[in-house]
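Here are the chains, one letter per residue:
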Amino acid sequence: MNVALSIARKDLQIEWRTRMLLARVVPFALLVMVLFAVALDSEPLVLRAAAGLVWLAMLFSTMLVVQRAFDIETADAAIDTLLACAVHPARVFFGKALALFVQLFALVVVLVTAAIVLYGVTVSGSRVVLLVTVVISATSGLALVGTLYGAVVANMNGRDSLLPLLALPVLAPLLIGASRATEAAFGSQTIDMANGWAWVGLLGVYGIVFGAAGSAAFSPLTESDS
Amino acid sequence: MASDTTIHLSNAVVALGGFPALAGVTFGVGRGELVALRGANGTGKSTLLRLCAGLVPLTRGAAVVAGVDLLVNRVAVRPHVGLLGHRNGLYGDLTAKQNVQFVADLVGATASDVSSALERLGIDQRVASTQASLLSAGQRRRTALAALVVRRAQLWLLDEPHAGLDAAARRELDVILRDATASGATVLYTTHEIDQVVGTPRTITLDGGCVASDVASTIGSAP
Numbered sequence: 021m022n023v024a025l026s027i028a029r030k031d032l033q034i035e036w037r038t039r040m041l042l043a044r045v046v047p048f049a050l051l052v053m054v055l056f057a058v059a060l061d062s063e064p065l066v067l068r069a070a071a072g073l074v075w076l077a078m079l080f081s082t083m084l085v086v087q088r089a090f091d092i093e094t095a096d097a098a099i100d101t102l103l104a105c106a107v108h109p110a111r112v113f114f115g116k117a118l119a120l121f122v123q124l125f126a127l128v129v130v131l132v133t134a135a136i137v138l139y140g141v142t143v144s145g146s147r148v149v150l151l152v153t154v155v156i157s158a159t160s161g162l163a164l165v166g167t168l169y170g171a172v173v174a175n176m177n178g179r180d181s182l183l184p185l186l187a188l189p190v191l192a193p194l195l196i197g198a199s200r201a202t203e204a205a206f207g208s209q210t211i212d213m214a215n216g217w218a219w220v221g222l223l224g225v226y227g228i229v230f231g232a233a234g235s236a237a238f239s240p241l242t243e244s245d246s
Numbered sequence: 002m003a004s005d006t007t008i009h010l011s012n013a014v015v016a017l018g019g020f021p022a023l024a025g026v027t028f029g030v031g032r033g034e035l036v037a038l039r040g041a042n043g044t045g046k047s048t049l050l051r052l053c054a055g056l057v058p059l060t061r062g063a064a065v066v067a068g069v070d071l072l073v074n075r076v077a078v079r080p081h082v083g084l085l086g087h088r089n090g091l092y093g094d095l096t097a098k099q100n101v102q103f104v105a106d107l108v109g110a111t112a113s114d115v116s117s118a119l120e121r122l123g124i125d126q127r128v129a130s131t132q133a134s135l136l137s138a139g140q141r142r143r144t145a146l147a148a149l150v151v152r153r154a155q156l157w158l159l160d161e162p163h164a165g166l167d168a169a170a171r172r173e174l175d176v177i178l179r180d181a182t183a184s185g186a187t188v189l190y191t192t193h194e195i196d197q198v199v200g201t202p203r204t205i206t207l208d209g210g211c212v213a214s215d216v217a218s219t220i221g222s223a224p
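Residue numbers (our numbering), protein chains in the order written: chain B, 21 to 246; chain L, 2 to 224.
Excised from the complex, chain B in its bound form (with noise of 0.2 Å):
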């Protein structure tokens, strides 16, 4: 587990230098709701598409994330370090995943705040704990999900564009549970509490789903057999 940890301070530690997240993932995500709102130009058809929107945002700027994680393994072949140096896949695949969690729970902080300031949506009460509950377990499964992914395109050429093209249509039950799980956390009339704590209980089986099969499966998705 230390492996694990020390990986994931070293992804950490190469984010705050290069302040890559605040610089240009979150001015992306929060464009993105502004746009959607521009779109959409009606305040009750905001408000009934705010949970849906923070997590369609949350998925195009998880790909800028993990594509950004990978680069830096690959730029300098700096994986065949993590290789030679004989660590489990799995701890590789874990540190990394804490790491991606760390950024993206970072950014859906921001997103639902600019839900709440943009969209004028409300959270109180109870809501509060299905909210904390479902921006937890979702953003886990997306930081899994994003990992597994990240090292099946790692080495691809136009891994830029193959990565959505793979993850997204994977990530669809997890955009639709934390979605539904957020609307009834916004207070939706048209979920209520027990149908959102449902679909919380669907996005903790995706996570553990894709937890073990990622670390299953990352030590064939990063040995090279060239």
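If you are wondering where the hints come from, they were derived from the structure by calculation, not from laboratory data. One should not assume that every hint holds.
Derived CB-CB ranges, DEER-like [what the hints assert, rightly or not]: (1) B:Ala43 / L:Ala138: 26 to 34 Å; (2) B:Ala95 / L:Arg172: 25 to 33 Å; (3) B:Met176 / L:Val76: 20 to 28 Å; (4) L:Val176 / B:Thr133: 52 to 60 Å; (5) B:Leu32 / L:Gln126: 22 to 30 Å; (6) B:Arg39 / L:Ser117: 32 to 40 Å; (7) L:Ser11 / B:Asp180: 39 to 47 Å.
Every residue, glycine too, gets a C-beta built ideally from N, C-alpha and C.
Add chain L to chain B, keeping to what the hints say.
For chain L alone, coordinates are given in the frame of chain B:
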């Protein structure tokens, strides 16, 4: 195969994308030996190092490195091996010291190991705290070598380790390699510079993915 043999290759074949990068290599390297691997570009030197590091699979033949049969489990050899490839394997956004510290964390080396490795490679405080992407080619190479030193590997595999180093750093590197072999490590490094081979006890030359010659040096002293 003798127990003091670190590398034993017998008709080793490595095919990369169907092309035989190594086409039947046979040689052995004993524990504590310092061996130069020569050859023109594309003769299989780097592939040979990556094979010994367990990073590419053996297609045919036999290869036992540090007691590990690469045909059975090539990953198991990695804890025993330190590889410095063509590229330095550094994170450009981390400082030189953070890069070395990261490798130390992976292999369980201590902070004092990091300090002594940096000192050994002549990386002063100013360079150590500079982002790797801002360092000169030679300074980056030294940083990668410092990361290798903290690993305390049984077998050192170095791909063009002298490339980008100034004369003083080359001499210092030679001293480090000599010290490593004196303490029992085995060193196999590639070069295509003839003057670098002078002073190395043994030189293996590759041509077309095969061993063209394997001679003990009679010129000069140890590096």
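Hints not upheld, ascending by number: none
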